[in-house]
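Engineer: Here is what each chain is made of, one letter per residue.
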Amino acid sequence: MLRTDEILSTIQMLHAEHLDVRSVTLALNLEDCAAPNVDHLCKKVRQKIVARASRLVETCDRVGIKYGIPVINKRLAISPAATLLAGHGRAAAVSLARTLDEAAAECRVDFVGGFSALVQKGISAGDDVVINSLPEVLSQTRRVCASVNVASRRAGINMDAIHQIGHVILKIAAATAADRGFGCAKLVVFSNIPEDNPFMAGAFMGAGEPEATVNIGVSGPGVVCSALKRRIALGEKLTLGDLAEEIKITSFRVTRVGELIGREVARELGVAFGIVDLSLAPTPTVGDSVGEILKMLGIGRIGAPGSTAAVAMLNDAVKKGGLFASSSVGGLSGAFIPVSEDAALADAVAQGHLVLEKLEAMTSVCSVGLDMVIIPGDTPAETIAAIIADEMAIGVVNDKTTAVRIIPVPGARAGEVVDFGGLFGSSPVIDVRNAGASDAFVHFGGRIPAPLQSLKN
Amino acid sequence: MHRFEHGYVLNVMSDDHPGIVAAVTEAVESLGGNIDACSQTVLGGYFTLIMIVSFPEPVAPEKLTAQVRSAPANGGDYQVMVRRTMPASPAREASDRFVITAFGKDQPGIVRRFSQYLAGKDINIVDLYGDLRGDEFVLIGQLEVPAHWDIRMLQADLEQMGSELGFTVKLQHENVFVATNQLRLQAFGRR
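Order-wise, the sequence lines are chains C and Z.
Our numbering applies: residue 1 is where the first sequence begins, and numbers increase by one.
Our numbering applies: residue 1 is where the second sequence begins, and numbers increase by one.
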């Protein structure tokens, strides 16, 4: 029999602190859809997605109702599109992307991730098709999300790919100029890309995964923020250790909810349960912000000295609680700091408290990198490539996933506010200092060798 | 299952103080009985105890009642009820465990309204808690909900009733409370 105090504390978390399941992502392997004829390929892709995923939304809703916990986003992730596109051209890539877009719409999911290429050591024919088709794909589809892995601990950093992507990002921005370069918000450049990430835009199904699997992204930062607020309001003398403990306990409970929902959805869909991703993923809604957690931890202005230490503590405590709660933790599992999607971070940029370099420092101790960072439209491709290279270096040297989702807004200058609406939020354009000063470094090209794995000081 | 052949259910109510369980169990033992199961609760300074006891020979319920009633060492006053246990009732329809929680401004009739609704749906209340917290009444019930009910319909009915009374009402499967409070995931036994 459950105890009354247990029920009351869960009710507090579910209803007063608005716990939800942020994302249920059904990952599908589409490799068996490969075909020499593009129409045949697209037909097989569509049939497989609809057969596997048409019940996803209804199932998530039914399970969510049973437990009184809403599942906010239902999404699809596929095995890398590059595998399907080997031997095809850009026209086939666009056809495939349109098919994915339509199949996702038919299944009523908002995004499908996995228009991806893994090029950390070199670019294959299929990868090349994916990368070069991105301006068309991301401007002509709504739901398709892309990712490119350009670096890894074992391979080092593929600077040729990064340079190419610097140019591609500008082309995507130009192709979606009417939407202020929004196409770039659907592309993530990774180091050490996780095979089982449920979060967009970087979700895809990596090598070694089963035929189909359900991965879960748990609740957002609002729950952690409310728990800290409630604890601090009790008025007792608290240390950072006490606050870390509170985060840990909240993370434990949130993770358990995610796993409960994920396992039941997977069982009902007849697919394997994959992982729970512990990431705190903010939304532009006030109160659902990692920035506000940092403020709760005593950082008056986000970006001030102490910000990196506070993020590190938050990130670590979330993992410790989550890892004890579940033996199936995976994905990114850290605190996200996506600027436009987090009202407090966007405000810190607007106030001039948070600059690109400090943001980069903070990403060295959390997930997932320079995310939803809006930069001036005239930033040179080489500078974008160098920003990516810096972030990849953090990931490769520290043996962690890092990523860049950067949006050069055509015609926009530093300080101008750009609003993408909905979950993507709004933010001022962040100043890129020293633009144009890294060209020679990027033009060397080649690959930065894999880093040393010992003597890590 | 009883330790001995002749089973009884024994109910004791008293004002709460140390020594009640000791006195009651001594009375049962003095007649040769065994405690097969027991549960007690204290609410508002009052104690209540339910026990399943069994004896190798039949004991008149009046005799057991008198023995327990005379048990208090300090002259306390126990209200005692005894009856023979019944053979196991026929199996009920398969059910699933849910928890109802209701919060709102206290007023007469809250527990009646909700419990009458549940009774009308053949939903069994297996644990009930209610308490005043300032002006707010908190009601928590652990329920056995027959498997044939559409949970969405029950939730909609209860929420509608709640909104008429100014109450926030939720009906959720118990596993969400198990998952968030208990260490072992195996405890997810029921679904």
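These are calculated hints, taken from the structure and not from any lab test.
Incorrect hints may appear among the rest.
[Said to hold, decoys possible] 27 angstroms max Cα-Cα, derived DSSO-like pairs, lysine-lysine:
1. C:Lys319 to C:Lys295
2. Z:Lys105 to C:Lys229
3. Z:Lys121 to C:Lys229
Keep in mind the model is a prediction, meaning the values are calculated, not measured.
Engineer: None of the hints should be skipped; say for each whether it holds.
Structural biologist: Structure-based check of each hint:
Our distance criterion of 27 angstroms between C-alpha atoms is met by C:Lys319 and C:Lys295, whose separation comes to about 20 angstroms. Pair hint Z:Lys105 plus C:Lys229 holds up; C-alpha atoms about 25 angstroms apart against a cutoff of 27 angstroms. Only pairs whose Cα atoms come within 27 angstroms are accepted, and Z:Lys121 paired with C:Lys229 is rejected, the gap being roughly 41 angstroms.
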